[in-house]
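The lines below spell out each chain.
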Amino acid sequence: MAEFFQLLVSGLATGSIYALAAVGFTLLWQASKVINFAQGEFVMLPAFFILIGTQVLGWNFIVALLFALICTLVLLGYFFKRVIIDPMLPHGVLPIVIATIALGIVMRDSVKEFYSAEAQPFPAVFSEETVSVFGAVISVQDIAILITSLAAITLLQVFLTRTRTGRCMQATAQNRAVAEILGVNVKRMILYTFLINAALALMASVLISPIYLAKFSNGQSIGLIAFIAAIVGGFNQVRGALVGGLLIGVIDNLSAAYISAEYRTAFPLILLIIIILVRPQGLLGTAEERTV
Amino acid sequence: MRPMTIAGLAVLGLLIVLPFGLKGYGIYILSLWIVYSIAAMGLNLTLGYAGQVSLAQAAFLGIGAYTTALLMKAGYPFFVGFGLSAGICFGVGLILGYPALRVQHHFLAFVTLGFNALVWLVFRNEEWLTGGTYGLMGFSRPSFFGVSTNNPVVFYFFSLALFLLLAFVLWWIVRSPWGRAFQALRENPIRANSLGVDVRRMTLLAFAIGSAYGGMAGSLFAPLVEFIDPQSFMLDTSLMLLLMVIVGGSGHFFGPILGALLVILLPEWLRFTEGLYLIIYASLVIVLLAVCPSGLLGLYERTAAAVRARSSDRRESAGGSAP
Amino acid sequence: MNSASGNVLRVRGISKSFGGVHAVNDVSFDVQEGEVLGLIGPNGSGKSTLFDCILGQLTPDTGEVYVGGEAVAGKRPCDLNKLGIARTFQMLQVFPEMTVLENIILAGQEHHGGMLSRLFGKRDAGLTEEADEMIAFFRLSHLRDQRAGSLSYGQQKLLDVAMAFMAGPRLVMLDEPAGGVNLTMLESLKEHLKVFNEERGATFVVIEHNMEFVMALCSRILVLSNGAIIAEGTPEEIRNDPDVIEAYLGA
Chain R
2 MAEFFQLLVS GLATGSIYAL AAVGFTLLWQ ASKVINFAQG EFVMLPAFFI LIGTQVLGWN
62 FIVALLFALI CTLVLLGYFF KRVIIDPMLP HGVLPIVIAT IALGIVMRDS VKEFYSAEAQ
122 PFPAVFSEET VSVFGAVISV QDIAILITSL AAITLLQVFL TRTRTGRCMQ ATAQNRAVAE
182 ILGVNVKRMI LYTFLINAAL ALMASVLISP IYLAKFSNGQ SIGLIAFIAA IVGGFNQVRG
242 ALVGGLLIGV IDNLSAAYIS AEYRTAFPLI LLIIIILVRP QGLLGTAEER TV
Chain Z
5 MRPMTIAGLA VLGLLIVLPF GLKGYGIYIL SLWIVYSIAA MGLNLTLGYA GQVSLAQAAF
65 LGIGAYTTAL LMKAGYPFFV GFGLSAGICF GVGLILGYPA LRVQHHFLAF VTLGFNALVW
125 LVFRNEEWLT GGTYGLMGFS RPSFFGVSTN NPVVFYFFSL ALFLLLAFVL WWIVRSPWGR
185 AFQALRENPI RANSLGVDVR RMTLLAFAIG SAYGGMAGSL FAPLVEFIDP QSFMLDTSLM
245 LLLMVIVGGS GHFFGPILGA LLVILLPEWL RFTEGLYLII YASLVIVLLA VCPSGLLGLY
305 ERTAAAVRAR SSDRRESAGG SAP
Chain S
7 MNSASGNVLR VRGISKSFGG VHAVNDVSFD VQEGEVLGLI GPNGSGKSTL FDCILGQLTP
67 DTGEVYVGGE AVAGKRPCDL NKLGIARTFQ MLQVFPEMTV LENIILAGQE HHGGMLSRLF
127 GKRDAGLTEE ADEMIAFFRL SHLRDQRAGS LSYGQQKLLD VAMAFMAGPR LVMLDEPAGG
187 VNLTMLESLK EHLKVFNEER GATFVVIEHN MEFVMALCSR ILVLSNGAII AEGTPEEIRN
247 DPDVIEAYLG A
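Residue numbers (the working numbering), protein chains in the order written: chain R, 2 to 293; chain Z, 5 to 327; chain S, 7 to 257.
For reference, chain R alone in the conformation it holds in the complex (with noise of 0.2 Å):
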């Protein structure tokens, strides 16, 4: 029982970093019909602008930190929506596809040649300590985690629910058109979408590395988690992405504990298939119009 606990409170805790990703994934579908095949390499690439900070520059770790944010905003955010995919949205879904998957290539083998091959140790932000709570070990790593995810992601929720730019950008993704008759300057929203996705995968970063170690290889499975838990939750909700997310979390250490270790990765796979069969809206999403 005490293991199980453990096995709940480290998934959850991944499991809302992969949540981080997966709202970022989910927004920048929402609102421009873009899939991000790299986002696993937004999430792996901002720990490295911070080890460049640290380490390449000798800066501490706030002032690399607020580095690694502007590099992120203007290189992931900015750049990667005028450069990538403005130029190819109004030719399908497809080049799309292709063009993000060569850009997580770049970015991968970016950081193995020009900066190392090898896992990078990199500073927690939270305590290592571990407390025991009932009998199971309980990182305190793991619950700062948790939190900090969480209150990013209502914070988040709050933010397009109570603000007026934050409503703005909510009717930009439902009804483009309509948004614009309204007024809404459609363009900056979908600038802040990106801008936005660009933050969250900072923020996973920065939380994921201390566990995984910083690494070029790392965004390839983060990124396939990070779509599957936007599936699965509901693809048009953030709320969708977060229980997603967690969900996937979850599973993932409990599959890999109790039913097998080598097929870890498959569990994920399998839920995936059978949510997209059963209820492709997800869990908690709401049905979108199918078009022909």
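No lab work stands behind these hints, which were simulated from the structure alone. For clarity, every value in this text was computed on a predicted model and none was experimentally measured. Cβ atoms here follow ideal geometry from the backbone N, Cα and C, with glycine treated the same way. Treat each hint with caution, since some may be false.
Covered by chain Z, according to a simulated footprint, are these stretches of chain R (three or more residues, beta-carbon under 8 Å) [to be verified]:
#1 90-102
#2 157-165
#3 223-235
#4 259-273
In silico lysine to any residue, SDA-like type, Cα no more than 20 Å apart, as pairs [as the list claims (entries may be wrong)]:
#5 Lys200(S) x Ala234(S)
#6 Lys113(R) x Asp240(Z)
#7 Lys113(R) x Pro271(Z)
#8 Lys81(S) x Pro193(Z)
Distance ranges between label pairs, derived from CB positions [stated by the list, open to error]:
#9 Ala165(Z) x Lys128(S): 25 to 31 Å
#10 Ile212(R) x Arg153(S): 52 to 58 Å
#11 Ile194(Z) x Gly184(R): 33 to 39 Å
#12 Leu270(Z) x Thr162(R): 46 to 52 Å
#13 Gly184(R) x Leu270(Z): 46 to 52 Å
Could you slot chains Z and S onto chain R? The hints should help.
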């Protein structure tokens, strides 16, 4: 169409002469191109003609490769493995097609992507059958009528012959009423259904035939590389095959063949850049897609149409100015 | 094949609701061999939903549909098409990347031979001649080898209708054939439909907003309002029916 035929014959002539001017590695690359072309042609039927997104072609390449390798290790002749690979992949493709009846576009991409990842896990984990990460080796290249294909040139011509046969079959399919029904499926499935096209059956067939091509390509892949491991059939390979179809021009018969050439050769040409090659390669892909999202043959077609339009404009204006 | 009564289509008690809204409410009617039945009604009165229920595009909540006496519940649109019912859609639906000829051949090919003969047989399924006649009949011969997507809206509309006729259907259901078509094109469309009805004995059900078009073409008219049939009769009777005027003009 005419210039296409001439170009096709010229290329065929080149393909027959070329291996005699190449060293071992060059012939290997050429054979690899042929094998990937077969898999990409199949994907082109599923994706390009019938409009069904699939990110699982590498899984079929793998199923074909493992089936053939295992059977050849057990002493069966190559064509038993080849036929069985095609048959198994046809069947599995049929099953994989079912999700396409429920979901489309990106959802289908994810289902097929998930399928590929699952098949890869089986290749990696079921060591008793597939050798796990150690892979399989120790199966010889096939021989026919006493002629062994151990010689790379002989194996190349053997692959080329199979490739031509399979290309002809596919050409026949896309030019038949089936091909028209596939295209109708891509352009407007609801209208096609109301005109009597059995959309369910054609969707499943598009997957099954495309997958069978993947399996047959895998069947050739195994004796070509003489060592197979799960790494060769990861998602990356599926994406590479998708790239071949898109870059060449999806829905064009020769598109995937041209795309495969580019996707196989580009890394070879970029080899001198060493570690940078994947970065340059992927960047080139992005640029290419930004410039011509309909692929190389799409670009060719558009340019040709523009040239035709301009010349006919000129003719018209010339006629108009005549007294 | 046809039942003794001469009914091509019998619709009995069809209802369909979406989230509590009754789009179609207990609709029954017959279509006789050789007639042109008009289906009119204000926007949102359930005409297209009724079509979709009859043609297997949607599954009705209740009710039966019989084609030539045979119940067709659960049949898919392609099966119904093979039973001899063709349709067009409200939104224009041609295959834009195919040529006009290919569009027309596609519309006929599934009615000739089995699956295998369509793979191993002739590329045009032996239909080129018939398709050319159809194209000529709709005066599209000069566009035969053009991409359908490059045609004008009216020409595409003609092609859309021509496709419905290609399989030699016993009943053609047209959803707003005149919508968005200019006047000359409209006249020619009307003439074509008349020829098909009078000379070739084709049976039609036509949804249409253009009253002039409906009145000129139809022998009998059903009026749908809020998902239910509120009037039925000849064009003359409908024109003077106070309920109909009420449905169109009233709240």
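Hint check:
Counting residues of the segment 90-102 of chain R whose CB falls under 8 Å from any CB of chain Z gives 9; the rule of at least 3 is met. With 0 residues having a Cβ less than 8 Å from any Cβ of chain Z, the segment 157-165 of chain R misses the three-residue criterion, and the hint is violated. Counting residues of the segment 223-235 of chain R whose CB falls under 8 Å from any CB of chain Z gives 4; the rule of at least 3 is met. A stretch counts as covered by a chain when three or more of its residues have a beta carbon under 8 Å from one of that chain; for the segment 259-273 of chain R and chain Z the count is 7, and the coverage holds.
For a cut-off of 20 Å, the pair hint linking Lys200(S) to Ala234(S) is broken: about 28 Å separates their Cα positions. For the hint linking Lys113(R) to Asp240(Z), the alpha-carbon distance of about 17 Å falls within 20 Å, and the restraint holds. Restraint check: the Cα-Cα separation between Lys113(R) and Pro271(Z) comes to about 18 Å, which is no more than 20 Å; the hinted pair holds. Of the pairs offered as hints, the one joining Lys81(S) and Pro193(Z) holds, with about 17 Å between alpha carbons and a cut-off of 20 Å not exceeded.
Between Ala165(Z) and Lys128(S) the CB atoms are about 28 Å apart, so this pair conforms to the stated range of 25 to 31 Å. In this structure the supplied range 52 to 58 Å holds for Ile212(R) paired with Arg153(S), their Cβ-Cβ distance being about 55 Å. In this structure the hint that Ile194(Z) and Gly184(R) lie 33 to 39 Å apart at CB holds, the actual value being about 36 Å. Checking the proposed 46 to 52 Å range against Leu270(Z) and Thr162(R) shows it holds: the Cβ atoms sit about 48 Å from each other.
With their beta carbons about 48 Å apart, Gly184(R) and Leu270(Z) fall inside the hinted range of 46 to 52 Å.
In the structure shown, a violation is registered for the earlier hints numbered 2, 5, in ascending order.
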